[in-house]
Each structure stands twice: as C-alpha cells, then as structure tokens.
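So you can see what is in the structure, the chains are spelled out below.
Number of protein chains: 2
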Amino acid sequence: MIVDRTLRGFLEELASSAPTPGGGSAAALVGAVGAALLAMVGNLTAGKKGYEAVDRSMRDLVAESDRLRGELARLADEDVRVFGEVMAAYRMPRGDDAERAARRDAIQSALLAATEAPLELARVCGEVIELAATAAEEGNSNVVSDAGVGVVAAHAALRAAALNVYINAGSIQDREFADRAVAELERLLAVGAERTEAVFARVRERL
Amino acid sequence: MIVDRTLRGFLEELASSAPTPGGGSAAALVGAVGAALLAMVGNLTAGKKGYEAVDRSMRDLVAESDRLRGELARLADEDVRVFGEVMAAYRMPRGDDAERAARRDAIQSALLAATEAPLELARVCGEVIELAATAAEEGNSNVVSDAGVGVVAAHAALRAAALNVYINAGSIQDREFADRAVAELERLLAVGAERTEAVFARVRERL
Chain A
3 MIVDRTLRGF LEELASSAPT PGGGSAAALV GAVGAALLAM VGNLTAGKKG YEAVDRSMRD
63 LVAESDRLRG ELARLADEDV RVFGEVMAAY RMPRGDDAER AARRDAIQSA LLAATEAPLE
123 LARVCGEVIE LAATAAEEGN SNVVSDAGVG VVAAHAALRA AALNVYINAG SIQDREFADR
183 AVAELERLLA VGAERTEAVF ARVRERL
Chain B
3 MIVDRTLRGF LEELASSAPT PGGGSAAALV GAVGAALLAM VGNLTAGKKG YEAVDRSMRD
63 LVAESDRLRG ELARLADEDV RVFGEVMAAY RMPRGDDAER AARRDAIQSA LLAATEAPLE
123 LARVCGEVIE LAATAAEEGN SNVVSDAGVG VVAAHAALRA AALNVYINAG SIQDREFADR
183 AVAELERLLA VGAERTEAVF ARVRERL
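These protein sequences, in sequence, are chains A and B.
For reference, each letter of the first sequence is one residue, going 3 to 209 in the working numbering.
For reference, each letter of the second sequence is one residue, going 3 to 209 in the working numbering.
Everything labelled a hint here was simulated from the structure, so no lab data went into it.
Note that the coordinates shown come from a computational prediction; the quantities given were computed from them, not determined experimentally.
Beta carbons: idealized from backbone N, C-alpha and C, even for Gly.
Treat the hints with care, as some may be off.
So these bits of chain A aren't anywhere near chain B, every CB distance computed over 12 Å [what the hints assert, rightly or not]:
no., residue
1, Asp-6
2, Arg-10
3, Ala-55
4, Arg-58
5, Asp-62
6, Gly-97
7, Gln-110
8, Arg-125
9, Glu-132
10, Ala-135
11, Val-153
12, Arg-161
13, Asn-166
14, Arg-177
Partner residues aside, some chain B positions facing chain A, computed with beta carbon under 10 Å [claimed, not checked]:
no., residue
15, Glu-14
16, Gly-26
17, Met-42
18, Asp-68
19, Arg-71
20, Val-82
21, Arg-83
22, Ile-109
23, Ser-111
24, Ala-112
25, Ser-147
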C-alpha cells in the first residue's frame, strides 16, 4: 500500500513524471492527515479532567476518525488502480470494428470506476469535515487548533477529489450516471465549504 | 527527519496522544504534497510537444517547487523542535524569584521561535500558491488538475500554519513583535485566499 512508503519516497514519486501516484492519491492522503488530527484531538480529550461530560463522544470521535483514516488510505491506492484501468483501456487495439467496440466499452467501464472512486473520496472527506465540528466544539481547548488543521486538510482533499470527478464524468457517455455523480459532488462541495468555515471560525474563537 | 518515516507510521503518531508531531508538522507535509504536485506538472510539461514555448518556465517550476518541498520537509521537523522548547520552558522550576525570572525569559524566547516557525511555513505556502498559478496557466492540460490539487493543499497548509501563529503570538509579551507577525500573517492569508481561488477557477476552465 502507498501508506507503507516513506513520506520522502511518496513525495518524490508524486513530483516525478510517473503518471501515478497523482493528485487523487495525494488528496486521499491529505484527507487522512485531517482524520488523524481529529483522532489526536479525541485522544487528548478523552479521560482528561474537565472533559468528563464529553468522554464518550471523544472516544467515538477516535474510533470514527480511525475508520475514516483507514478508508482514505485505501482510496489512495484505489486512485492508482482506477487510473491504471483507464490508461490500459485507451491503449487497447483499434484495428477493426470489433476491437474499436471492445475498446470503447472498456474505456466507458473504466471511466465509471474512475468517477466513482473520487466521488467516494469526496463523501469520506465530507464525513471527516462533519466529525471536525465535534472535535472543534468538544475537544480539549489545548489542542483545538488541531481540529482546525484537520478540517482545512479534509476540505482541501474534498476540493481536490472534485477535480477528478469533473474530469472523468465529462467523458462518460451514460449522461444520467455522470449528471447524478456531478450533482452529488456539488452538494458535497457546498455543504463541505460551509461546514469548514463554521468549524474554522469556532476553532479561532476557542484558541 | 519526519519525511523518513512511513506514511502509516506518521499518521499513527499524528493520531496518537503524543503531543508531537501535531498540526504544525501535518501542515508542513500537506504543503509539501502541494509543492510535489507542482513539480509533477512541470515534469510532465517540460520537453513535451506543443509546450516548447513554456519549456524553460516549466523547468524553473520544477526546480523552484523542489526547493520549496525541501523547505517544507525541514519545517515539519522545526515545528516539533520549537514546540518541544516551549514545553521545556514551561516545565522549568519556579521555586524562587530568580527561577521564576529565568523561566519567564525562557518561555518568551521559546514563544518567539514558535511564532516565527509557523510564520515561515505560511510564507513558504504563499510561494507554493504563487507557483501554482504558473502551473495552472502553462502546464500540460492533461495534468492541470494536479496544479489544482497542489494549490488547495498549499492553501490548507497556510491556513493551518496561521492557527499556530495566532496561538503563540497571543502569549508573547513583546507586542510589537507579535503584532508585526500577525499583520504579516494576515497579508499572507488574504493574498493566499484570493490567489488560490483564481488558480482553482483557471484549472476548472482548462479541465
């Protein structure tokens, strides 16, 4: 898995002219950084004096952000996989009508997966942003800034994922699928932007 | 260095109740992801047919984003170091007046460094955002989305760094220093937000 690489190695591969890992995997890992910071807030709040009333909520925050972090790590690899399938489909032979039809079908099928993967990433980032609201409201005031860092990281990952949805949805012939994907994405973007600003403002109040 | 750890190990330490690495290191690494993506755009544009006119500019983009990535990797460690100095100063003995004075001086000196480090991070993120404009305008249209991912990552890192500047500047007794730091930060935030939205819009146009 990508998360088993060193940060240095991952950054070097990202910077290189190799097509993957690219922006989709980078976005998933930025989202994972956000989720990890929310777990940190939970871990530094649960069991602490003065925070007894939110103890259960903070333990749930840790469990939920750990789960989302795992999902995001998986989606970093999924991006490489679906991008590879799109590339492989475009490289299929197109010598005669049958080959051209098979290639067209393979491209369309790969594009569906390559739209669904960043859409799923956007959904998970939306969940991280939602969790950040709890971290910002109930978290230990000594580490509330980490909830703020977490939310801006998750929001950046959501916006980044959106770019990949737009690119791939644009080439899909099944317009009903593509329009539904873009409509869901735009709801996620609108809700995500509003919640991120609310969380960031709350963090600044509590600093 | 932090960048020599695996992503999995780094994310686990971030999520844990250990005080460092925390939001400051996380922000620096999110910024480094942004810088790496700009280098990728440059590396996939320089030398490519149709992009001869921007060849030199793209080679400069790679060199400059590699340099900024190195700075950001260094600042991920610097955050741990300055946070450790603040913690160590607060733990100094305060048995008599001389000890209390020494502790107060050590805290103030540590807070200056702990304000300067995230301010420097914010400046470097501002430079990454500026470079992203070139990547979005001149980069290979096949990878222009990576310039968009790069700019939102750098902007998230800038906003995250801002939180640490606010926290530490708030406890500094040298108000002239603190006010100057906050004023510079607010310029960086204003310029960064405006440029990020312009770059993101330009990327969406070119998708």
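Each hint, compared with the structure:
1. Asp-6: Asp-6 of chain A is in fact no farther than 12 Å from some Cβ atom of chain B, at 6 Å.
2. Arg-10: Violated, because the least Cβ-Cβ distance between Arg-10 of chain A and chain B comes to about 4 Å, which does not exceed 12 Å.
3. Ala-55: The claim holds: Ala-55 of chain A sits with its nearest Cβ about 19 Å from chain B, beyond 12 Å.
4. Arg-58: It holds; Arg-58 of chain A is separated from chain B by about 17 Å at its closest Cβ, greater than 12 Å.
5. Asp-62: holds, 15 Å
6. Gly-97: holds, 25 Å
7. Gln-110: The assertion about Gln-110 of chain A holds, with a minimum of 19 Å to chain B.
8. Arg-125: Consistent with the label, Arg-125 of chain A stays out of reach of chain B, its closest Cβ about 17 Å off (over 12 Å).
9. Glu-132: With a cut-off of 12 Å, Glu-132 of chain A remains clear of chain B, as the shortest Cβ separation is near 17 Å.
10. Ala-135: Answer for Ala-135 of chain A: holds, closest chain B Cβ roughly 16 Å.
11. Val-153: The assertion about Val-153 of chain A is violated, with a minimum of 9 Å to chain B.
12. Arg-161: Label violated. Min Cβ-Cβ 5 Å, cutoff 12 Å.
13. Asn-166: violated, 7 Å
14. Arg-177: holds, 17 Å
15. Glu-14: holds, 8 Å
16. Gly-26: holds, 8 Å
17. Met-42: holds, 5 Å
18. Asp-68: At 7 Å from the nearest chain A Cβ, Asp-68 of chain B passes the 10 Å test, so the hint holds.
19. Arg-71: holds, 6 Å
20. Val-82: violated, 14 Å
21. Arg-83: Status violated, d = 17 Å.
22. Ile-109: violated, 16 Å
23. Ser-111: Violated, about 21 Å.
24. Ala-112: violated, 16 Å
25. Ser-147: holds, 4 Å
Consistency with the previously given hints fails for numbers 1, 2, 11, 12, 13, 20, 21, 22, 23 and 24, ordered from lowest to highest.
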